[in-house]
Amino acid sequence: MANDGGDVEALETMKAVVEVDEDGNKSVNEYLLIKTIGKGSFAKVKLCLNTKDNELYAMKVCHKAMLAKRRRGLGNALDHIWREVDILKRLHHPNVVALKQVINDPQLLHLYIVFEYLELGPVMRDIDGTPLEMEFTRSYFYDVLQGLYYLHSRNVIHCDLKPDNLLVNAEGKVKIIDFGSSRYVGMETPESSEGLVCHEVLEGTPAFMAPELCSSAYSPAEASKFPRDVWALGVCLYCFVTGRLPFLADNVMEMYDKIKNDEPSFDGIDDESLVSLLRGAMEKDPSQRLTLTQIQEHPWVLATATFLSSSGEQEEDNES
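Under numbering that gives the first Met the number 0, the first residue of the sequence shown carries the number 0, and numbering increases by one thereafter.
The set of hints was computed from the structure by calculation and includes no laboratory data. There's no promise every hint is true.
Said to hold, decoys possible - Cβ-Cβ distance ranges computed for the label pairs, FRET-style:
id, residue 1, residue 2, range
1, 268, 51, 25 to 31 Å
2, 250, 37, 23 to 29 Å
3, 170, 26, 26 to 32 Å
4, 216, 23, 50 to 56 Å
5, 311, 67, 45 to 51 Å
6, 275, 108, 49 to 55 Å
7, 204, 283, 16 to 22 Å
8, 153, 219, 28 to 34 Å
9, 296, 252, 34 to 40 Å
10, 67, 89, 22 to 28 Å
C-beta atoms are modelled at their ideal positions from N, C-alpha and C, and glycine is treated no differently.
All chains, full assembly: derive it from the sequences and hints.
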(Lines of atoms letter the chains of each structure in order from A and count residues from 1; the text may use other names and numbers.)
(Lines give C-alpha, C1' and ligand atoms only; values in the text may rest on other atoms or scores of the structure.)
Protein backbone atom coordinates (compact mmCIF):
# COMPACT_ATOMS: atom_id res chain seq x y z
CA MET A 1 0.00 0.00 0.00
CA ALA A 2 1.26 3.50 -0.79
CA ASN A 3 0.76 6.58 1.35
CA ASP A 4 -1.44 9.22 -0.31
CA GLY A 5 0.50 12.17 1.10
CA GLY A 6 -2.40 14.12 2.62
CA ASP A 7 -1.91 17.53 4.19
CA VAL A 8 0.85 16.50 6.60
CA GLU A 9 3.79 18.89 6.65
CA ALA A 10 7.00 17.41 5.23
CA LEU A 11 9.58 16.40 7.81
CA GLU A 12 13.12 17.74 7.63
CA THR A 13 15.86 15.51 9.03
CA MET A 14 19.52 16.46 9.35
CA LYS A 15 20.77 13.00 10.33
CA ALA A 16 20.87 10.02 7.97
CA VAL A 17 21.79 6.52 9.09
CA VAL A 18 22.62 4.48 5.99
CA GLU A 19 22.95 0.75 6.61
CA VAL A 20 23.31 -2.44 4.59
CA ASP A 21 22.23 -5.69 6.25
CA GLU A 22 23.80 -9.12 5.80
CA ASP A 23 21.50 -9.85 2.86
CA GLY A 24 22.59 -6.70 1.03
CA ASN A 25 19.40 -4.73 1.75
CA LYS A 26 20.08 -1.01 2.07
CA SER A 27 18.18 1.35 4.33
CA VAL A 28 18.21 5.08 5.02
CA ASN A 29 16.82 5.76 8.49
CA GLU A 30 13.42 4.03 8.59
CA TYR A 31 13.25 3.57 4.81
CA LEU A 32 14.15 0.18 3.32
CA LEU A 33 15.20 0.63 -0.32
CA ILE A 34 13.54 -1.93 -2.58
CA LYS A 35 14.40 -1.14 -6.19
CA THR A 36 15.22 1.65 -8.63
CA ILE A 37 12.14 3.00 -10.43
CA GLY A 38 13.72 6.05 -12.08
CA LYS A 39 17.18 7.24 -13.02
CA GLY A 40 18.85 10.49 -14.10
CA SER A 41 22.42 11.71 -14.50
CA PHE A 42 23.02 12.48 -10.82
CA ALA A 43 19.92 11.14 -9.10
CA LYS A 44 17.93 7.94 -8.79
CA VAL A 45 14.38 7.34 -7.64
CA LYS A 46 13.98 4.34 -5.36
CA LEU A 47 10.86 2.53 -4.30
CA CYS A 48 11.14 2.20 -0.53
CA LEU A 49 9.22 0.85 2.43
CA ASN A 50 8.81 2.92 5.57
CA THR A 51 9.31 0.34 8.31
CA LYS A 52 7.48 2.52 10.84
CA ASP A 53 4.17 2.93 9.02
CA ASN A 54 4.60 -0.01 6.57
CA GLU A 55 3.79 2.25 3.61
CA LEU A 56 5.52 2.50 0.22
CA TYR A 57 7.14 5.75 -0.87
CA ALA A 58 9.33 7.06 -3.69
CA MET A 59 12.73 8.34 -2.62
CA LYS A 60 14.85 10.60 -4.83
CA VAL A 61 18.52 10.00 -4.04
CA CYS A 62 20.60 12.99 -5.18
CA HIS A 63 24.37 13.28 -5.33
CA LYS A 64 24.87 16.77 -3.87
CA ALA A 65 28.42 17.42 -5.07
CA MET A 66 27.74 16.29 -8.64
CA LEU A 67 24.52 18.34 -8.84
CA ALA A 68 26.31 21.40 -7.49
CA LYS A 69 28.84 21.16 -10.34
CA ARG A 70 26.23 20.79 -13.06
CA ARG A 71 25.22 24.14 -14.54
CA ARG A 72 21.49 24.71 -15.00
CA GLY A 73 20.34 28.14 -16.10
CA LEU A 74 22.26 30.73 -14.08
CA GLY A 75 22.63 28.38 -11.13
CA ASN A 76 23.29 24.69 -10.73
CA ALA A 77 21.17 21.57 -10.63
CA LEU A 78 21.28 21.42 -6.83
CA ASP A 79 19.73 24.90 -6.68
CA HIS A 80 16.81 23.55 -8.69
CA ILE A 81 16.40 20.60 -6.33
CA TRP A 82 16.15 22.97 -3.38
CA ARG A 83 13.69 25.19 -5.26
CA GLU A 84 11.55 22.12 -5.95
CA VAL A 85 11.63 21.24 -2.24
CA ASP A 86 10.76 24.81 -1.25
CA ILE A 87 7.78 24.87 -3.61
CA LEU A 88 6.47 21.43 -2.66
CA LYS A 89 6.66 22.23 1.06
CA ARG A 90 4.02 24.93 0.40
CA LEU A 91 1.67 22.75 -1.65
CA HIS A 92 -1.06 20.43 -0.38
CA HIS A 93 -3.61 19.26 -2.93
CA PRO A 94 -5.02 15.88 -4.02
CA ASN A 95 -3.72 16.40 -7.57
CA VAL A 96 -0.19 17.46 -6.63
CA VAL A 97 2.41 14.94 -5.48
CA ALA A 98 2.99 15.12 -1.73
CA LEU A 99 6.44 15.69 -0.27
CA LYS A 100 6.90 13.45 2.78
CA GLN A 101 10.40 14.07 4.08
CA VAL A 102 13.76 15.64 3.27
CA ILE A 103 16.83 13.94 4.73
CA ASN A 104 19.90 16.13 4.37
CA ASP A 105 22.84 15.03 6.47
CA PRO A 106 25.73 17.51 5.94
CA GLN A 107 28.20 14.69 6.59
CA LEU A 108 26.94 12.64 3.64
CA LEU A 109 27.27 13.00 -0.14
CA HIS A 110 23.62 12.27 -0.84
CA LEU A 111 20.37 14.13 -0.29
CA TYR A 112 17.27 11.99 0.19
CA ILE A 113 13.83 13.35 -0.77
CA VAL A 114 10.79 11.22 -0.01
CA PHE A 115 7.51 11.54 -1.94
CA GLU A 116 4.26 9.64 -1.96
CA TYR A 117 4.44 6.66 -4.31
CA LEU A 118 2.19 6.77 -7.39
CA GLU A 119 1.81 3.14 -8.32
CA LEU A 120 0.35 3.26 -11.83
CA GLY A 121 2.97 5.57 -13.32
CA PRO A 122 2.49 8.11 -16.16
CA VAL A 123 -0.92 8.76 -17.69
CA MET A 124 0.59 7.70 -21.03
CA ARG A 125 3.52 5.31 -21.29
CA ASP A 126 4.29 6.40 -24.84
CA ILE A 127 2.94 9.01 -27.24
CA ASP A 128 2.79 6.48 -30.05
CA GLY A 129 -0.44 7.25 -31.88
CA THR A 130 -2.67 5.38 -29.45
CA PRO A 131 -5.17 7.77 -27.80
CA LEU A 132 -6.60 7.25 -24.35
CA GLU A 133 -10.14 6.02 -24.02
CA MET A 134 -12.44 9.03 -23.62
CA GLU A 135 -13.38 8.01 -20.08
CA PHE A 136 -9.72 8.23 -19.05
CA THR A 137 -9.17 11.40 -21.10
CA ARG A 138 -11.97 13.15 -19.20
CA SER A 139 -10.90 11.87 -15.78
CA TYR A 140 -7.19 12.53 -16.23
CA PHE A 141 -7.66 15.96 -17.78
CA TYR A 142 -10.04 17.04 -15.04
CA ASP A 143 -7.55 15.98 -12.35
CA VAL A 144 -4.68 17.84 -14.05
CA LEU A 145 -6.85 20.93 -14.47
CA GLN A 146 -7.71 20.96 -10.75
CA GLY A 147 -4.07 20.50 -9.78
CA LEU A 148 -2.86 23.22 -12.14
CA TYR A 149 -5.62 25.60 -11.02
CA TYR A 150 -4.42 25.07 -7.45
CA LEU A 151 -0.77 25.72 -8.41
CA HIS A 152 -1.69 28.98 -10.10
CA SER A 153 -3.79 30.01 -7.10
CA ARG A 154 -0.56 29.64 -5.09
CA ASN A 155 1.38 31.69 -7.70
CA VAL A 156 3.36 28.65 -8.85
CA ILE A 157 4.01 27.99 -12.55
CA HIS A 158 4.94 24.40 -13.27
CA CYS A 159 6.90 25.10 -16.49
CA ASP A 160 7.20 21.46 -17.58
CA LEU A 161 3.69 20.05 -17.77
CA LYS A 162 3.64 16.89 -19.92
CA PRO A 163 2.31 13.32 -19.68
CA ASP A 164 5.59 12.06 -18.18
CA ASN A 165 5.02 14.42 -15.24
CA LEU A 166 1.44 13.31 -14.65
CA LEU A 167 1.37 10.15 -12.55
CA VAL A 168 -1.55 8.02 -11.44
CA ASN A 169 -2.04 6.44 -8.02
CA ALA A 170 -3.77 3.16 -7.22
CA GLU A 171 -7.17 4.87 -7.02
CA GLY A 172 -6.79 6.34 -10.52
CA LYS A 173 -6.16 9.90 -9.33
CA VAL A 174 -3.66 11.92 -11.39
CA LYS A 175 -1.02 13.95 -9.58
CA ILE A 176 1.37 16.53 -11.00
CA ILE A 177 5.04 15.76 -10.24
CA ASP A 178 8.52 17.16 -10.97
CA PHE A 179 8.76 20.78 -9.87
CA GLY A 180 12.44 21.11 -10.73
CA SER A 181 11.69 23.64 -13.49
CA SER A 182 8.93 25.44 -11.59
CA ARG A 183 8.97 29.07 -10.58
CA TYR A 184 6.84 31.64 -8.86
CA VAL A 185 4.80 34.18 -10.82
CA GLY A 186 6.81 37.31 -11.50
CA MET A 187 10.10 35.72 -10.45
CA GLU A 188 12.60 38.42 -11.24
CA THR A 189 15.06 37.87 -14.04
CA PRO A 190 18.54 37.67 -12.49
CA GLU A 191 21.12 40.32 -13.20
CA SER A 192 24.77 39.77 -13.92
CA SER A 193 27.52 41.25 -11.77
CA GLU A 194 27.58 44.16 -14.23
CA GLY A 195 23.89 44.84 -13.63
CA LEU A 196 22.80 43.57 -17.03
CA VAL A 197 19.66 41.48 -17.34
CA CYS A 198 20.55 37.86 -18.05
CA HIS A 199 18.51 35.39 -20.07
CA GLU A 200 18.16 32.11 -18.21
CA VAL A 201 18.40 28.83 -20.04
CA LEU A 202 14.73 28.23 -20.73
CA GLU A 203 13.31 25.37 -18.68
CA GLY A 204 10.79 22.93 -20.09
CA THR A 205 10.33 20.29 -22.79
CA PRO A 206 10.46 21.63 -26.39
CA ALA A 207 7.37 19.77 -27.68
CA PHE A 208 5.28 21.37 -24.90
CA MET A 209 6.81 24.85 -25.06
CA ALA A 210 4.45 27.76 -25.62
CA PRO A 211 4.92 29.79 -28.85
CA GLU A 212 5.88 32.98 -27.00
CA LEU A 213 8.91 31.13 -25.60
CA CYS A 214 10.04 29.52 -28.86
CA SER A 215 12.53 32.19 -29.83
CA SER A 216 15.99 33.25 -28.77
CA ALA A 217 14.47 36.74 -28.45
CA TYR A 218 11.72 35.67 -26.07
CA SER A 219 10.90 38.02 -23.22
CA PRO A 220 12.16 36.55 -19.92
CA ALA A 221 9.01 37.90 -18.27
CA GLU A 222 6.93 35.48 -20.36
CA ALA A 223 8.66 32.56 -18.65
CA SER A 224 7.02 33.59 -15.37
CA LYS A 225 3.43 33.87 -16.57
CA PHE A 226 0.49 31.47 -16.37
CA PRO A 227 -0.28 31.15 -20.13
CA ARG A 228 2.77 28.94 -20.73
CA ASP A 229 1.20 26.28 -18.48
CA VAL A 230 -2.18 26.63 -20.20
CA TRP A 231 -0.54 25.92 -23.58
CA ALA A 232 1.17 22.82 -22.16
CA LEU A 233 -2.15 21.71 -20.66
CA GLY A 234 -3.69 21.98 -24.12
CA VAL A 235 -0.87 19.92 -25.62
CA CYS A 236 -1.39 17.25 -22.94
CA LEU A 237 -5.09 17.07 -23.78
CA TYR A 238 -4.23 16.86 -27.49
CA CYS A 239 -1.95 13.89 -26.68
CA PHE A 240 -4.68 12.21 -24.64
CA VAL A 241 -7.21 12.58 -27.46
CA THR A 242 -5.04 11.80 -30.50
CA GLY A 243 -2.16 9.76 -29.10
CA ARG A 244 0.30 12.04 -30.82
CA LEU A 245 2.03 15.40 -30.41
CA PRO A 246 0.52 18.37 -32.26
CA PHE A 247 3.87 19.13 -33.91
CA LEU A 248 6.64 16.76 -34.99
CA ALA A 249 10.18 17.79 -35.92
CA ASP A 250 13.67 16.41 -36.35
CA ASN A 251 15.32 18.94 -34.04
CA VAL A 252 14.50 21.57 -31.43
CA MET A 253 14.72 24.60 -33.72
CA GLU A 254 12.39 22.99 -36.26
CA MET A 255 10.00 22.13 -33.43
CA TYR A 256 10.00 25.74 -32.22
CA ASP A 257 9.41 27.00 -35.74
CA LYS A 258 6.38 24.73 -36.16
CA ILE A 259 4.96 25.68 -32.78
CA LYS A 260 5.22 29.36 -33.68
CA ASN A 261 3.93 29.16 -37.24
CA ASP A 262 1.93 25.98 -37.90
CA GLU A 263 -1.55 24.99 -36.80
CA PRO A 264 -2.23 21.57 -35.27
CA SER A 265 -4.48 19.15 -37.11
CA PHE A 266 -7.80 18.30 -35.50
CA ASP A 267 -8.68 15.68 -38.09
CA GLY A 268 -10.42 12.74 -36.51
CA ILE A 269 -11.75 14.71 -33.52
CA ASP A 270 -15.51 14.75 -34.07
CA ASP A 271 -16.46 16.58 -30.87
CA GLU A 272 -16.70 20.27 -31.81
CA SER A 273 -16.75 21.32 -28.16
CA LEU A 274 -13.48 19.47 -27.56
CA VAL A 275 -11.90 21.06 -30.63
CA SER A 276 -13.01 24.46 -29.34
CA LEU A 277 -11.28 23.79 -26.02
CA LEU A 278 -8.10 22.62 -27.72
CA ARG A 279 -8.02 25.67 -29.97
CA GLY A 280 -8.55 27.99 -27.02
CA ALA A 281 -5.89 26.40 -24.84
CA MET A 282 -3.43 26.28 -27.77
CA GLU A 283 -4.04 29.83 -28.97
CA LYS A 284 -0.68 31.18 -30.12
CA ASP A 285 -1.27 34.67 -28.73
CA PRO A 286 -0.92 34.32 -24.93
CA SER A 287 -3.15 37.35 -24.35
CA GLN A 288 -5.96 35.58 -26.23
CA ARG A 289 -5.34 32.12 -24.82
CA LEU A 290 -7.98 30.69 -22.50
CA THR A 291 -7.35 31.17 -18.81
CA LEU A 292 -7.78 28.28 -16.40
CA THR A 293 -10.98 29.88 -15.11
CA GLN A 294 -12.33 30.00 -18.66
CA ILE A 295 -11.32 26.37 -19.15
CA GLN A 296 -13.13 25.42 -15.95
CA GLU A 297 -16.26 27.05 -17.41
CA HIS A 298 -15.88 25.60 -20.92
CA PRO A 299 -18.83 23.41 -22.03
CA TRP A 300 -16.61 20.35 -22.59
CA VAL A 301 -15.15 20.64 -19.08
CA LEU A 302 -18.58 21.22 -17.53
CA ALA A 303 -19.82 18.12 -19.35
CA THR A 304 -16.78 16.26 -18.05
CA ALA A 305 -17.53 17.33 -14.48
CA THR A 306 -21.12 16.08 -14.91
CA PHE A 307 -19.87 12.78 -16.35
CA LEU A 308 -17.41 12.23 -13.51
CA SER A 309 -20.00 13.17 -10.90
CA SER A 310 -22.55 10.74 -12.32
CA SER A 311 -19.95 7.97 -12.48
CA GLY A 312 -18.77 8.65 -8.94
CA GLU A 313 -15.22 9.60 -9.93
CA GLN A 314 -15.29 13.29 -9.01
CA GLU A 315 -14.37 13.79 -5.37
CA GLU A 316 -15.12 16.74 -3.15
CA ASP A 317 -11.47 17.01 -2.13
CA ASN A 318 -10.61 17.99 -5.72
CA GLU A 319 -11.74 21.53 -4.89
CA SER A 320 -8.87 23.99 -4.63
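Evaluated hints:
1. 268 x 51: 25 to 31 Å: Violated, since residue 268 and residue 51 (Cβ atoms, about 49 Å apart) do not stay within the stated range.
2. 250 x 37: 23 to 29 Å: About 26 Å separates the Cβ atoms of residue 250 and residue 37, which means 23 to 29 Å holds.
3. 170 x 26: 26 to 32 Å: 28 Å, holds
4. 216 x 23: 50 to 56 Å: Holds, at about 54 Å.
5. 311 x 67: 45 to 51 Å: 48 Å, holds
6. 275 x 108: 49 to 55 Å: 53 Å, holds
7. 204 x 283: 16 to 22 Å: Holds: the Cβ-Cβ distance is about 18 Å, inside 16 to 22 Å.
8. 153 x 219: 28 to 34 Å: About 22 Å separates the Cβ atoms of residue 153 and residue 219, which means 28 to 34 Å is violated.
9. 296 x 252: 34 to 40 Å: Given about 37 Å between the Cβ atoms, the range holds.
10. 67 x 89: 22 to 28 Å: 24 Å, holds
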